[in-house]
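Trainee: We have chain A already, so just place chain B on it with the hints.
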Amino acid sequence: MISSSLIPCGQFKTSYAADTTLFLTPASRNWCLFGIAVALAAPLVLSNYLLALLIQIGYYGIAALGLNILVGSTGQISLGHAAFFGFGAFASAWLNNSFGVPVLAAIPLAGVLTTLLGLLFGIPAGRLKGLYLAIATFASQFILEDFFSRANWFTGGSSGAQANPINVFGYEIGGDKGFFYVVLFFVLVMYLLGANLLRTRDGRAFVAVRDHYLSAEVMGINLTKYRILSFGISSFYAGVGGALYGHYLGFVSAEGFTILLSIQFLGMIIIGGMGSVMGTLMGTAFMVLLPEGTEAAVSTIKHFTGDIPALTSALAYIKEAAIGLAIVLFLIFEPDGLVHRWRLIKSYWKLYPFSY
Amino acid sequence: MESNLLFQLIVNGVIVGTLYGVVAMCFVLIYKSTQVVNFAQGEFLLIGAWTCWWLVTSMALPFWIAFPLTFVFMLVFGIVLQMVVLRPLIGEPVISVIMVTIGLSIFFQAVMKSIFGVWAQPFPEIFPVKSVNVLGLQVQPAYLMSLVVSVVIMGLFAWFFKYSRMGLAMRATAFNQQVAQSLGISVKNVFAMAWAISAMVSALAGVVVGMVNGVSSALSFFGIKVFPAVIVGGLDSIVGAIIGGLIIGLLENLAEYADGQYLHLGNLYTVAPFYVLVIILMIKPYGLFGTKTIERV
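Heads up: the sequence lines are chains A and B, in that order. Position 10, counted from 1, in the first sequence is what the numbering used here calls 20; the numbers after and before it change by one each time, with no gaps. Position 107, counted from 1, in the second sequence is what the numbering used here calls 659; the numbers after and before it change by one each time, with no gaps.
Calculated directly from the structure, the hints in this document are not laboratory data. Since we're looking at a predicted model, the values are computed, not measured. Where a beta carbon is used, it is the ideal one built from N, C-alpha and C, also for glycine. Some hints here could point you the wrong way.
[To be verified] Just some of the chain B residues that point at chain A, by a computed CB distance under 10 Å: (1) 583; (2) 652; (3) 659; (4) 787; (5) 826.
Chain A on its own, in the form it takes in the complex (with noise of 0.2 Å):
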C-alpha cells in the first residue's frame, strides 16, 4: 500500500468503494479544505469589488452545476436554463413578499417550485432527444418568458418584483460581505450534493443514459423517468442559483432572464468541462470574469492608442461578441474544457521531472 502522504503514480485502487470516494487522493482533499478555509477568510482582505465577482460567480456557479448534471451527465440539452433561474428568482421573492416565508427559507423553498415547473417542462424531454429536445426547450425559454412579463400577480409585471435582503432572527445580512458567507454556504451545500449524486445509483443511471441511451434501457434503466428527474433536479439548482441572485440584487425584472443567459449558462459548462463538477466552477469563474477582461483588454489598448470613442461605445458588443467567440474557440481548439487542461497539468506535475 501506498502511505497516504505521497500522490500516487498512477490507479491502485483495489475496491470499487475506493474508486467512488468523493475525492480521489488525501491531496485533493486537502486542497479542497484549504480553499474553503482561504473562501472563508476572503471578505477580510478583499474589496467589495471583487467580492461581488466572487458572489456572482457563486450563484451562476450553483445553476451552472444544475446545467451540468443535466446536459453534461445525463446527455440532454436544455437551451431554457435562464427561464428557470429567473423563476427561481421570482418564486423567492413572491414567496417571501405573498406570505411572508423568511428569506432563508424562501430560497430554497424557491427550488423545490422551480423543481415542479422543471418536472413539467422536461416531460417533452421523455420524448424526445438531441435536437428535437434542443429546439423544446428553446420554445420552453420564450414561453416562460412570455410569462414571466404577464403573470402580474407572480412577477410584478413590466415593473417586476422587490426581492427582500435575508434576514435572520431580527437581524439583516446586508452588503457584500455578510451575502458572501450565505452565497458561499450554498455553494458548499449544492456542489457536496452535486457531487454526491453523480456517486449514487441514480447518478450513475444518468451516465448510462447519457452514454447510451438504447443500452441503459436494456439494462432496465426507466429513461422516460430518469430523464425527466434530471431536468428536476437541474431546475432545483437553477431556482436556488436564481433566487439566491435576486435576494442579492434586491430587485427581480424579466429583462435578466433571456435566451443570452441561457447561451451563457450552457457556455460555463462547456468551458468548464462537461460532466465535471469542479469543471462547473472553473467554467462559471471564467464566464463572470471574461466581460470583466475584456473591459481590462480595452482600457489597455486606449492607454496606449489615445481615447478612441468609436472603441467605447462598442464595449458592450464587444463583452457580448466575446461570449460568443469563447464559445467557438473552446469548442474548437479545447470540447473538454478547463477541467481536461488542469488534469493534464497535474498530470505532467505528478510525476515530474520523471514522467517516462
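Mentor: Below, chain B without anything else, positioned relative to chain A:
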C-alpha cells in the same frame, strides 16, 4: 370590415410565410447535407442585408450592382465559415455543434451591432412605396416582389436538386455520406456548397425583408421563427420547410387577429408559434414530412 381585416391578415401571412419558407429551406439544406442545426441562420439574413445596405448607401452603388456583389460576398462567407469553424467539428456530439452555431450567432450579432448600430436603417427606395391595389387589398409592391422572389427561389431549388450535377451530389451526400464519397463525390465541397447556398439565399431574404421593414438586428429574429417552421414540416424535408413556413406565417397572423378581436392578451403574435412547436413535438416529433429514424443498439 372584420372579414376584410382577416383577409388582409391572411394575405400578409402568406407573404411572410413564404419568406419563412425560404429561410427554413436554407436551414433544412444545411441540416440535410451536413447534419448541423444552424442557430445562426438569422444572422445570415442580417449580414446579407447590412452588406447590401452598406454597398448601396455608403458606396453609392446602384442596386443592380450591389445585389450581385452581396451574393458573391455571402458565397465566400459561407464557404469560409464552413471551412474554418464547422469543419473541425465533424463527428463531434450534437451539443457541441449546436453551441458553435449559437456562439457564432451571438458573435455576428454583436459585431453587426457594433458596426452598424442598433437602429433600423431604411433602404433607399428601389420599388415605389405606394401600396398597389390587388383584388381590393392594399399590398406594398416590395411585398409582392418578395412573394415573386420567394416562389422563383423555390422553383430554382427544385430544379437544382432535380437536374443539376451539384444538386444531385448534395442529395446523394444527404442520403449516405460514405456511399457518396465512394462514387467520387467530394463531400467537403458539398458541405461548403451547402453553407454557401444557404448563406446566399438567406441574404436575399434578408435584403427583401430589409427593403420593407428597414435593416436592423431584429432581422435575426427570422432565424428563431424558423424553428417552429422546420419542426412543423420535419427537420429534413425541403417541401416540409416551405409548407411549415406558410403554416407559421398564417398562424402568426391569425393569432394576431384572434388576439386583437377576442382575447386581448397582447403579444400572442410572437409566442403562438412556440406553443405550436411544443405541441407538435409532443404528438408528432418528426413533423409532417420528416423521415422517422429507426435506431438500433
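Trainee: If a hint holds in the structure, say so; if it does not, say that too.
Mentor: Against the structure, the hints:
Because the closest C-beta pair between residue 583/B and chain A is about 8 Å apart, less than 10 Å, the hint holds. The interface hint given for residue 652/B holds, since its Cβ lies 5 Å from the closest Cβ of chain A, which is under the 10 Å cut-off. At its closest, the beta carbon of residue 659/B sits 3 Å from a beta carbon of chain A; the interface hint therefore holds under the 10 Å criterion. A hinted interface residue such as residue 787/B counts as satisfied when its beta carbon comes closer than 10 Å to some beta carbon of chain A; here the least separation is about 7 Å, so the hint holds.
The interface hint given for residue 826/B is met, as the beta carbon of that residue sits about 4 Å from the closest beta carbon of chain A, less than 10 Å.
In summary, the structure agrees with every hint in the numbered list given earlier.
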